[in-house]
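With the hints as constraints, model all of the structure from the sequences given.
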Amino acid sequence: MKGDLKLELIPYDEMESILPLIFELNQGKLSKEVLKSRLQSMLAMGGYQCLGVYDNQKLIACCGIWLLQKLYKGKHLELDNVFVNEEYRSNGVGNLMMDWLSEYGKSIDCTSLECNCYLHNEKGVKFWKRHGFEPLGYHMIKNLE
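1 is the number of the first residue of the sequence shown in UniProt numbering; add one for each residue after it.
In case anyone wonders, no lab produced these hints; they're calculated from the structure. Yeah, the Cβ is synthetic: ideal placement off N, Cα and C, and Gly gets one too. All the pointers check out, no bait thrown in.
Dumping the calculated SDA-like pairs for lysine to any residue here, alpha-carbon to alpha-carbon at most 25 Å: (1) K36 - C117; (2) K129 - D80; (3) K106 - L9; (4) K123 - V93; (5) K73 - F133; (6) K29 - N85; (7) K58 - I22.
Quick list of the computed label-pair ranges, beta carbon to beta carbon: (8) N143 - N91: 31 to 41 Å; (9) K29 - K142: 14 to 24 Å; (10) A44 - E103: 21 to 31 Å; (11) L144 - N91: 37 to 47 Å; (12) D99 - E134: 14 to 24 Å; (13) K70 - L43: 13 to 23 Å; (14) K75 - W100: 10 to 20 Å; (15) N91 - Q57: 14 to 24 Å; (16) L67 - L136: 13 to 23 Å; (17) L19 - D55: 12 to 22 Å; (18) L144 - Q57: 34 to 44 Å; (19) E87 - G28: 14 to 24 Å.
Laid out in structure tokens, this is it:
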């Protein structure tokens, strides 16, 4: 299967194609309308891209990419909303994505890749550690709603 997959940045005019995957990632907790509105705002801000993994023309995985510059780390890519369709999991799709993202980051002179992973996501923590990510701190949030 690996040879049949194509990895590429999703064009901005096709970015809404990620919404079914992101809806599934969020287990339906956010409506498709809310996700669409938020995506439109993110695209308007600039600096957001998304890696798509395609099996023929079918989008089977995605990873949001923020190009950021921070004092503590410099220019880096922050990965978010990483999702692989369930039927493609444990087949090396995540490894292909991490290899692509590492090479992409290097090609645009980034110093590192960064991501957040929920504490309860034990499989995710193992995945990120296998790919050289190390815990740096806590991702903390205060809801204002």
